[in-house]
Amino acid sequence: MTAFILRRLWQMLPTLLGVILLTFFLFNFVGGDPAYLLAGKISSPEQIANIRTQLGIDQPVYVQLWIFIKQVMSADFGVSWSTNEQVSQIIATRIGPSLTVLVPILIIETVLSVALALGVAYVRGSLTDRSIMIVCTIAMSVSLLVYIIVGQYALAYKLGWFPVQGWGESFSENLLRFSALPILLGVAVGIAPNTRLYRTFFLDEINQDYVRTARAKGLSENTVMLKHVLRNALIPIITNLMIYLPGLLIGHFLIERFFSIPGIGREVILAVERSDFPVIKAITIYVAIATMFANLLADVLYKLVDPRVQLK
Amino acid sequence: MKRVDWWRLGILLAGMLTSVAATAAADPKKVLRTEFPAAETGFDPAQVHDLYSNIVNEAIFEPLLTYDYLARPSRLAPRAAEALPEMSESGRVYVFRIRPGILFADDPAFKGRPRELVAADYVYAIKRLADPKLHSPWRYLVETKIAGLADVIKAAEKSGKFDYDAPIAGLQALDKHTLKITLSEPDYNYPYILATPTMGAVAREVVEHYGANIMAHPVGTGPYRLDKWVRSSRIELAANPLYRGHTWDFAPVEAGDEVLVTAMKGKKLPTIARIEIAIMDEDQARLLAFQNGELDLFQLDGPLAPKMLDIDRLKPEFVSKGAKLSRIIDPEIQYPYLSMRDPVVGGLSKEKIALRRAILMAYDETAEIRVIHNGQGVVIDYPVPPGVVGYLPGYRRTDATNIALANALLDRFGYQPGPDGWRTLPDGKPLAITLTTRPDSLGRQQEEMWKRSFDAIHIRLNSDKKKFPEILKAEKSCQLQMRVNRWIADFPDGENFMQLFYSGNIGQSNTSCTAIPEFDTLFQKATRLPQGAERDALWIDMARLLEFYGAARISMARPRNMVMQKHVIGYKKHPIILADWLYADIDLEAKP
Numbered sequence: 001m002t003a004f005i006l007r008r009l010w011q012m013l014p015t016l017l018g019v020i021l022l023t024f025f026l027f028n029f030v031g032g033d034p035a036y037l038l039a040g041k042i043s044s045p046e047q048i049a050n051i052r053t054q055l056g057i058d059q060p061v062y063v064q065l066w067i068f069i070k071q072v073m074s075a076d077f078g079v080s081w082s083t084n085e086q087v088s089q090i091i092a093t094r095i096g097p098s099l100t101v102l103v104p105i106l107i108i109e110t111v112l113s114v115a116l117a118l119g120v121a122y123v124r125g126s127l128t129d130r131s132i133m134i135v136c137t138i139a140m141s142v143s144l145l146v147y148i149i150v151g152q153y154a155l156a157y158k159l160g161w162f163p164v165q166g167w168g169e170s171f172s173e174n175l176l177r178f179s180a181l182p183i184l185l186g187v188a189v190g191i192a193p194n195t196r197l198y199r200t201f202f203l204d205e206i207n208q209d210y211v212r213t214a215r216a217k218g219l220s221e222n223t224v225m226l227k228h229v230l231r232n233a234l235i236p237i238i239t240n241l242m243i244y245l246p247g248l249l250i251g252h253f254l255i256e257r258f259f260s261i262p263g264i265g266r267e268v269i270l271a272v273e274r275s276d277f278p279v280i281k282a283i284t285i286y287v288a289i290a291t292m293f294a295n296l297l298a299d300v301l302y303k304l305v306d307p308r309v310q311l312k
Numbered sequence: 001m002k003r004v005d006w007w008r009l010g011i012l013l014a015g016m017l018t019s020v021a022a023t024a025a026a027d028p029k030k031v032l033r034t035e036f037p038a039a040e041t042g043f044d045p046a047q048v049h050d051l052y053s054n055i056v057n058e059a060i061f062e063p064l065l066t067y068d069y070l071a072r073p074s075r076l077a078p079r080a081a082e083a084l085p086e087m088s089e090s091g092r093v094y095v096f097r098i099r100p101g102i103l104f105a106d107d108p109a110f111k112g113r114p115r116e117l118v119a120a121d122y123v124y125a126i127k128r129l130a131d132p133k134l135h136s137p138w139r140y141l142v143e144t145k146i147a148g149l150a151d152v153i154k155a156a157e158k159s160g161k162f163d164y165d166a167p168i169a170g171l172q173a174l175d176k177h178t179l180k181i182t183l184s185e186p187d188y189n190y191p192y193i194l195a196t197p198t199m200g201a202v203a204r205e206v207v208e209h210y211g212a213n214i215m216a217h218p219v220g221t222g223p224y225r226l227d228k229w230v231r232s233s234r235i236e237l238a239a240n241p242l243y244r245g246h247t248w249d250f251a252p253v254e255a256g257d258e259v260l261v262t263a264m265k266g267k268k269l270p271t272i273a274r275i276e277i278a279i280m281d282e283d284q285a286r287l288l289a290f291q292n293g294e295l296d297l298f299q300l301d302g303p304l305a306p307k308m309l310d311i312d313r314l315k316p317e318f319v320s321k322g323a324k325l326s327r328i329i330d331p332e333i334q335y336p337y338l339s340m341r342d343p344v345v346g347g348l349s350k351e352k353i354a355l356r357r358a359i360l361m362a363y364d365e366t367a368e369i370r371v372i373h374n375g376q377g378v379v380i381d382y383p384v385p386p387g388v389v390g391y392l393p394g395y396r397r398t399d400a401t402n403i404a405l406a407n408a409l410l411d412r413f414g415y416q417p418g419p420d421g422w423r424t425l426p427d428g429k430p431l432a433i434t435l436t437t438r439p440d441s442l443g444r445q446q447e448e449m450w451k452r453s454f455d456a457i458h459i460r461l462n463s464d465k466k467k468f469p470e471i472l473k474a475e476k477s478c479q480l481q482m483r484v485n486r487w488i489a490d491f492p493d494g495e496n497f498m499q500l501f502y503s504g505n506i507g508q509s510n511t512s513c514t515a516i517p518e519f520d521t522l523f524q525k526a527t528r529l530p531q532g533a534e535r536d537a538l539w540i541d542m543a544r545l546l547e548f549y550g551a552a553r554i555s556m557a558r559p560r561n562m563v564m565q566k567h568v569i570g571y572k573k574h575p576i577i578l579a580d581w582l583y584a585d586i587d588l589e590a591k592p
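Chains A and B, in that order, give the protein sequences. For what it's worth, this note's numbering labels the leading residue of the first sequence as 1, then goes sequentially. For what it's worth, this note's numbering labels the leading residue of the second sequence as 1, then goes sequentially.
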């Protein structure tokens, strides 16, 4: 296992280099020239040139690329071009609010959809199964934006169960008061597609010979479903979960914007609007690294849930 | 030494007295909750370039001048200065006397000592705008304007370091409380520049103490200080206990002002102890938060307006709940232009003029106001919008929307339809105009409206989507053929709008790259005149020239709607003052 992990870590380096090159060239060529934004309404060519010099964007491309590589290696992306705030500080202060909302969504949504999918898979073909699948299909067809707009209007404004928006200073207030509605809506949005997806994973397993054998041996249905079917279906579920994990780092900009949550999703949008390249670069690199580690974690988890899996 | 000690004691006493006054005025129970629809960037007057940061700066920092709260068009009034400046040499020299005893808010940078505002603080603040290292977006306000400053900037660009101690002929602290500003050229409008939040005084020791973090540590002499700041989320201001207070003493001008005067006259401000500003990106969140009582004052933007307004007044269901509306027409113009340096539409030949005039005449801004802006807009005929000195309400354009006339004009000057029905150039070559817009919903909608107009005169329209920085870059080098631009007043004088079409500003604010010799001559003549009928007459001639040459079509301005709860009193939207809630109060008895 250790050799496998070391090998995978080593393999991350060329992938990271590819991400660096892609990010660098993409934003350099289509990202817009921030000097014109920073210079204000009226500026002379000399001022623009001066700003470009200070930002280092007048340097040859290979010099800028080398600076970028050094920034990635030192994890120091400098300061935001629009606010002068340290990029590390931006990420450190925005990641907390994003995780406060997204981690509960991920946990609750996963637990509920796995339980629901297991239940409907067990009664497959029944009226309950069909009804839930129809509800899931309808729920999946509705845009997240509709959930947010209707949820905020009905649950927060009309019924007054939650604050319309806001963010406080203590973790408990943020989690229990301000994040409650965003979490509820996030779970409502994610539970339908996941239930459908996980149901198919469970159905695949239920139809396997080993399940028939287990039943023939006289094992209880609980044991068959929870010990055998669930465990064997976990591999695709883990794969699905690991796809979500890096997303925690970029937050959920729609939820954050509508509920005024000072998370990293809003920051990404702001950085793009302001052509704030250091922030965009840093977040892109961190997400790329997180994706690679999530993939590695998925492989390790496969081995843990299914000893037959060989890590090569 | 003894004299210095007496002086310090005097300042200390003055500080204590003003502290007592301001603290007594601000009621801890009074909190104003408002919002910004976009995030701030920081609070250094020299470095910030966004509107919302500047609103906060205006509450924290004090320029020498401000505006009379109720006067329309806006009229200057002293703020940190004792009075309006003494002007000499036809608007080239201005001398300000600063009120003695004004104190900066307490800060560790002052090491426990009270710090009085002096003329040298303004000299320093203005120099910071010119420091190339800060790449201040406001450098253009001082660089060539203040005598001798351009040389120091050049030296700084060469050496890489701005010499803050270098004497500048145009910037002199004559004594502790007297500031003399000498301009390179006479400019009757310069006092307006000195009323912008950008010109707020900063203390050098604070700037040096916080260094690169100065954006997060604003320390000024204004009525509020920054108390809490969660970037891009929440800004909380607390009444500055060392602020001297200002008295609400304004005369009514417009209908409805009497109510404000009755409620506020003679009050010592600020009476509101805290201003809490939430950053709310989404319209729905702002509207529901207001309706839910989570906001006291909010800006009702165009897309939201139909939910609360019947065009220009609140719907009865909101009035019955006590909500109030303060509405102004923003001091801005929207002006679609065709670049006069473009090889197809530019130039001063008759057929080019005809082409531009026909295209601009084919556009119907009333349809844009109705369809895109939900009725939230007014047609503007004159380059100077309402609320700005020089506005002429009776002026009527000569280039009113007229499709038949536009087609006749094109026919007459040889832009004949080809076999495919689309018009060609007089030499028979294909004719197509490229409209550049931003890749957002407004850009798409405006493009659709223009497509209709172009179809009506049988000219092909090509679409060009560019990000905002790329548009700015292309405009500065006259690379765009056509765009719908917008300009909001930096200061409330018509010159700020007329300069948009002066050829000397090509590459800067003259984005249409207009170069009309007669216009330039009149502009130069007008800038040497003070406000008045003589200057107004020149501006009318200039406006007619713009119409005649088809340089741009002055089309519309948007209103700004501020909606407030019943308990917010004394508030009226001001066209130029950004932090106009500085003049408001909270009626605790009316608060639910």
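Hints are computed from structural coordinates only; laboratory data are not their basis. Check the hints yourself; a few may be wrong.
Straight-line distance between alpha carbons at most 25 angstroms, and here's what the computed DMTMM-like set of lysine to aspartate or glutamate pairs gives [said to hold, decoys possible]: (1) B/Lys158 x A/Glu46; (2) B/Lys473 x A/Glu169; (3) B/Lys466 x A/Glu273; (4) B/Lys154 x A/Asp58; (5) B/Lys176 x B/Asp163; (6) B/Lys228 x B/Asp580; (7) A/Lys41 x B/Asp165; (8) B/Lys29 x A/Asp58; (9) B/Lys133 x A/Glu169; (10) B/Lys466 x A/Glu205; (11) B/Lys573 x B/Glu589; (12) A/Lys41 x B/Asp301; (13) B/Lys154 x A/Glu169; (14) B/Lys111 x B/Glu86; (15) A/Lys158 x B/Glu157.
Here is what the structure says about each hint:
1. For the suggested pair B/Lys158 and A/Glu46, the alpha carbons sit about 12 angstroms apart, so the restraint of at most 25 angstroms is met.
2. Pair hint B/Lys473 plus A/Glu169 does not hold up; C-alpha atoms about 42 angstroms apart against a cutoff of 25 angstroms.
3. At most 25 angstroms may separate the alpha-carbon atoms for a hinted pair to count; B/Lys466 and A/Glu273 meet this at roughly 13 angstroms.
4. In summary, the hint linking B/Lys154 to A/Asp58 is supported, as the alpha carbons are separated by about 20 angstroms, within the 25 angstroms threshold.
5. For the suggested pair B/Lys176 and B/Asp163, the alpha carbons sit about 21 angstroms apart, so the restraint of at most 25 angstroms is met.
6. Distance restraint check for B/Lys228 and B/Asp580: the Cα-Cα separation of roughly 21 angstroms lies within the 25 angstroms cut-off, and the hinted pair is therefore satisfied.
7. With a CA separation close to 29 angstroms, the supplied pair A/Lys41 and B/Asp165 exceeds the 25 angstroms bound.
8. With a CA separation close to 53 angstroms, the supplied pair B/Lys29 and A/Asp58 exceeds the 25 angstroms bound.
9. Between the alpha carbons of B/Lys133 and A/Glu169 the distance comes to roughly 35 angstroms, so the proposed pair goes past 25 angstroms and is violated.
10. For the proposed pair B/Lys466 and A/Glu205, the alpha carbon gap of about 52 angstroms is over 25 angstroms, so the pair is violated.
11. Proposed proximity of B/Lys573 and B/Glu589 is supported: the alpha carbons are some 23 angstroms apart, at most 25 angstroms.
12. Restraint check for A/Lys41 and B/Asp301: satisfied, since their Cα atoms lie roughly 23 angstroms apart, inside the 25 angstroms limit.
13. Under the criterion of a C-alpha separation no larger than 25 angstroms, the hint pairing B/Lys154 with A/Glu169 is inconsistent with the structure, at around 47 angstroms.
14. Between B/Lys111 and B/Glu86, the direct Cα distance comes to roughly 36 angstroms. Violation of the 25 angstroms bound is thereby established for this hinted pair.
15. For the given pair, A/Lys158 sits about 59 angstroms from B/Glu157 by alpha-carbon distance, which is inconsistent with the 25 angstroms threshold.
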